[in-house]
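There are 2 protein chains.
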Amino acid sequence: MQLSDKTAGTLARRLYDALRERIQAGELGPGTRLPSSRRLARELGLGRNTVLDALERLVAEGFAEARQGAGLFVAALDLTPVTSPPGEARVELPPLSRRGRELLERCGDMRGSHRAFAPGIPALDRFPHALWARLLRRHQRHVPTAWLGYQTQGGLPALKAALADYLQLSRSVRCRPEQILITQGAQQGFELIARLLTDPNDPVWIEEPGYGGAQACFAAAGLERIPVPVDDQGIDPAAAPASPSPRLIYTTPSHQYPAGATLTLARRLALLAAAERHGAWLVEDDYDSEFRYTTPPVASLQGLATQAPVIYVGTFSKVLYPGLRLGYLVLPEALVDDFRRANARLHREGGYAVQAALADFIAEGHFARHVARMRHCYRQRQVCLREALAPALAEGLELTRGQAGMHLVAWLDDHAQERDLVARGEAAGVTLAPLSRFYLGEASRPGLVLGYAGADEAEIARAGAWLCQAWRETRSPRLPQRSGQADPTGE
Amino acid sequence: MQLSDKTAGTLARRLYDALRERIQAGELGPGTRLPSSRRLARELGLGRNTVLDALERLVAEGFAEARQGAGLFVAALDLTPVTSPPGEARVELPPLSRRGRELLERCGDMRGSHRAFAPGIPALDRFPHALWARLLRRHQRHVPTAWLGYQTQGGLPALKAALADYLQLSRSVRCRPEQILITQGAQQGFELIARLLTDPNDPVWIEEPGYGGAQACFAAAGLERIPVPVDDQGIDPAAAPASPSPRLIYTTPSHQYPAGATLTLARRLALLAAAERHGAWLVEDDYDSEFRYTTPPVASLQGLATQAPVIYVGTFSKVLYPGLRLGYLVLPEALVDDFRRANARLHREGGYAVQAALADFIAEGHFARHVARMRHCYRQRQVCLREALAPALAEGLELTRGQAGMHLVAWLDDHAQERDLVARGEAAGVTLAPLSRFYLGEASRPGLVLGYAGADEAEIARAGAWLCQAWRETRSPRLPQRSGQADPTGE
Chain A
11 MQLSDKTAGT LARRLYDALR ERIQAGELGP GTRLPSSRRL ARELGLGRNT
61 VLDALERLVA EGFAEARQGA GLFVAALDLT PVTSPPGEAR VELPPLSRRG
111 RELLERCGDM RGSHRAFAPG IPALDRFPHA LWARLLRRHQ RHVPTAWLGY
161 QTQGGLPALK AALADYLQLS RSVRCRPEQI LITQGAQQGF ELIARLLTDP
211 NDPVWIEEPG YGGAQACFAA AGLERIPVPV DDQGIDPAAA PASPSPRLIY
261 TTPSHQYPAG ATLTLARRLA LLAAAERHGA WLVEDDYDSE FRYTTPPVAS
311 LQGLATQAPV IYVGTFSKVL YPGLRLGYLV LPEALVDDFR RANARLHREG
361 GYAVQAALAD FIAEGHFARH VARMRHCYRQ RQVCLREALA PALAEGLELT
411 RGQAGMHLVA WLDDHAQERD LVARGEAAGV TLAPLSRFYL GEASRPGLVL
461 GYAGADEAEI ARAGAWLCQA WRETRSPRLP QRSGQADPTG E
Chain B
11 MQLSDKTAGT LARRLYDALR ERIQAGELGP GTRLPSSRRL ARELGLGRNT
61 VLDALERLVA EGFAEARQGA GLFVAALDLT PVTSPPGEAR VELPPLSRRG
111 RELLERCGDM RGSHRAFAPG IPALDRFPHA LWARLLRRHQ RHVPTAWLGY
161 QTQGGLPALK AALADYLQLS RSVRCRPEQI LITQGAQQGF ELIARLLTDP
211 NDPVWIEEPG YGGAQACFAA AGLERIPVPV DDQGIDPAAA PASPSPRLIY
261 TTPSHQYPAG ATLTLARRLA LLAAAERHGA WLVEDDYDSE FRYTTPPVAS
311 LQGLATQAPV IYVGTFSKVL YPGLRLGYLV LPEALVDDFR RANARLHREG
361 GYAVQAALAD FIAEGHFARH VARMRHCYRQ RQVCLREALA PALAEGLELT
411 RGQAGMHLVA WLDDHAQERD LVARGEAAGV TLAPLSRFYL GEASRPGLVL
461 GYAGADEAEI ARAGAWLCQA WRETRSPRLP QRSGQADPTG E
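Protein chains in written order, with my numbering: chain A, 11 to 501; chain B, 11 to 501.
Certain hints may be false.
Claimed, not checked - If you want the ones that stay clear, here's a sample from chain B, every Cβ over 10 Å from chain A, calculated:
{"hint": "1", "residue": "Glu71"}
{"hint": "2", "residue": "Leu114"}
{"hint": "3", "residue": "Gly222"}
{"hint": "4", "residue": "Ala309"}
Claimed, not checked - Computed Cβ-Cβ distance ranges for the label pairs, DEER-style:
{"hint": "5", "chain 1": "B", "residue 1": "Gly36", "chain 2": "A", "residue 2": "Arg111", "range": "14 to 22 Å"}
{"hint": "6", "chain 1": "A", "residue 1": "Ala76", "chain 2": "B", "residue 2": "Ser486", "range": "41 to 49 Å"}
{"hint": "7", "chain 1": "B", "residue 1": "Ala404", "chain 2": "A", "residue 2": "Ala76", "range": "30 to 38 Å"}
{"hint": "8", "chain 1": "A", "residue 1": "Ala400", "chain 2": "B", "residue 2": "Ala35", "range": "45 to 53 Å"}
{"hint": "9", "chain 1": "A", "residue 1": "Pro40", "chain 2": "B", "residue 2": "Asn211", "range": "36 to 44 Å"}
{"hint": "10", "chain 1": "A", "residue 1": "Met11", "chain 2": "B", "residue 2": "Arg396", "range": "15 to 23 Å"}
These are computed hints drawn from the structure, not numbers from a lab. All residues carry an ideal CB built from backbone N, CA and C; glycine is no exception.
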């Protein structure tokens, strides 16, 4: 017997590995007497203690057993389940579940891109790294012991307090700090909502087109997703089927994702009335409301209707950065304790030092200043994108209007062009998100969701020029003009 | 009209709030003409621009509308859904779902405790804070921009590489780095497993007694949890019902949680055979295997059977600290990409700077040294607990044997005593986790799960002395001796 050089670890570990391998391969069958430690030591040129260590471990793990006065024997066990099969035979593994397969269908290839025009990426190049690192250091140096353990407060109280003030001022959200639950991103918030407020097969209204992250989360929770069309006033409850009654209504009222409309007051009222009529919860996803360039942000739905069943979902992924994994829910008082307990049980809490840094970032005014800077930056980048696309715009390409957000939608002639452009972009290093990906059903109108926030002006100009050229080359000769459909998203 | 002093924000914001409030309260009904900006400015002593800002915002949000040449009017909308109800009238909110209520039943009150004898808390007082803070600083100073965005690699490659080496050496896990998926804690791993590999109402075998976190996660996923009894050899597949066939088998083979047994080789083989027979996945939760005081850790089930359907679940909550929220899955090659995509879609990835610090912590040997120190520390603390309980042990209290882990189980006479002691502990500031809490069904034997890892020697001595006294006072006079049942957990 030889010890493999490939195996890492001490000599004793390598001897143990080698013996166990021979036992599992059946070369040393059940009941076989193992050589004595003396003999093994002599033959392998190992110290006797090394050999004894290895043999003891075999006994401890049940592969060998000592018989009084007769030495060690391979255990009399049927090792078939752990026998290494000959060659490279593949064993049949149990399959994915039905819900697993359905979920994966909505996952795409999930290869992240930070190039123009990947949507949803903030200006990471403008993030105040030095300041943020300083705030982190402040709280990482002397961490209260309790922060390291299992926390169950629903988030650091200082962060909840700072956030409640900020939300009241800038989003007209009405809440006490205790109504806030800090989560590891908005996705965790959707998940808790689905777990606690819905049962499998319950219907949920989803904006069409809408946000894939929420769609996937509700799909994973087994909900029946009912697409509700969006037009230039936002989601239209009158266009939803009268039955079945939804248990949840998911909406992005400040800035519909991805089509860009702001939900009008009339629609807000209609949506609240529909929620009441159906006994549904309204889930208000306020992902990028801070970035309205020329007018103050529209007040939240949550603050509009204090007694309505509204859960406000917030994230720091857009204002700070996605890798931070911090978001929050603003819950009606009646749900606070249930959500806190379920979150602590299902997901556990953590990252209190980061939460403390974020609380300071907000309370010391850095957050508001960063938002203001980013608002200015995104406004410039949007202008830059419109300028880069000017040649195509002159020839009939249409972009959504709106002085807000982190992306625009470019409307295309047909789905063949959409597919063609996405494929060309992939080859050319330009990320183009097809609008059809945001639809649950058939996409009513083809387009591209062009994120401009994460790319600097030079990249936007470069990628924009490329897109103009590609757009021209892919125009359908049969459709020189845009189709007659109304722009569903103009603001 | 007066502006409230309670409202924060600019004067314009306060005026907007005040006007909106009167509109929502119905004091300014639909169609009412609003006073002119001049008049409002004069009456309230405000600048005209301030008033115009407020009025513009009311118009922008749809509460007021301009009529050519006639001024501003309250919008002709039925505001009933957002009308503030008189007084403190509570509105009926939609109820929790059935699965939500069931989940909450398994959540207890989820108030964290770090006192003796809270189980599952590592020695946070011994954590190398300065070293860890230094490693964090190293990676937080110059963060690659991509780390801030949406990552989709299944975790930082450097961490996966360091971890694969460590797992191979110390846990005999066989994997390439690519088979590892970094998660935000073990709970997220359970959740992905349930989502992708099971459908609602699928049966899952759960150790009885067992780990509440996994139980809750599988419950939330809608699985039928089948308790399978544990004895002194670990989970016993022969004691499970022949049908229905489980889709998952959840086990803690290295150190059964909470009863402490190590799964014997015979049982490992039986469990693997059962998994194959039923077409089930084995979920190996290896939460604290590092802390075996006198013998090397038992090799993992994953490494024992390379071709078997085993998913290895690891966590850094015990070796580092729970608030870190980092765990991982070791997946068969066939599942790697599906799990990576579903995780990126459902939970998103993040915290790459922390992952980089952890990769260094492992690769530079700090991890192994910290484990060795904690092993020594926990051994001492266990000795300390046994000594503190010596008076009661002399009078018949029984503790689980075993030179491993972070807790011991103390067996009690009856459930009344268990309840009594837990309540007395609460009053006295001693955390006593009742064993019955770890059962899905009726607890077969009452006891207390005594965590000793997180408390220092002085606290263990103090709380132990208190427990001896309380135990004596609560002994049932009818049961001076232990019941005749076999100790299910002695190793």
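Cross-check of the supplied hints:
1. Listed as outside the interface, B:Glu71 is inconsistent with that label: its C-beta sits roughly 6 Å from the nearest C-beta of chain A, within the 10 Å cut-off.
2. With a closest Cβ-Cβ approach of about 6 Å to chain A, B:Leu114 is found to fall inside the 10 Å limit, against its non-interface label.
3. For B:Gly222, the shortest C-beta to C-beta distance to chain A comes to about 8 Å, within the 10 Å cut-off, and the non-interface label is violated.
4. Once the 10 Å rule is applied to beta carbons, B:Ala309 is inconsistent with being away from chain A; the minimum gap is 6 Å.
5. Distance hint check: the CB atoms of B:Gly36 and A:Arg111 are about 53 Å apart, inconsistent with the given range 14 to 22 Å.
6. Hint check: A:Ala76 to B:Ser486, Cβ distance near 43 Å, so the stated range 41 to 49 Å holds.
7. Evaluation of the 30 to 38 Å hint for B:Ala404 and A:Ala76 yields a pass: the beta carbon distance comes to about 34 Å.
8. Between A:Ala400 and B:Ala35 the Cβ separation comes to about 49 Å, which falls inside the hinted range of 45 to 53 Å.
9. A:Pro40 and B:Asn211 have their C-beta atoms about 40 Å apart, which keeps the hinted 36 to 44 Å range intact.
10. In this structure the hint that A:Met11 and B:Arg396 lie 15 to 23 Å apart at CB is violated, the actual value being about 42 Å.
Consistency note: the structure conflicts with the earlier hints numbered 1, 2, 3, 4, 5 and 10.
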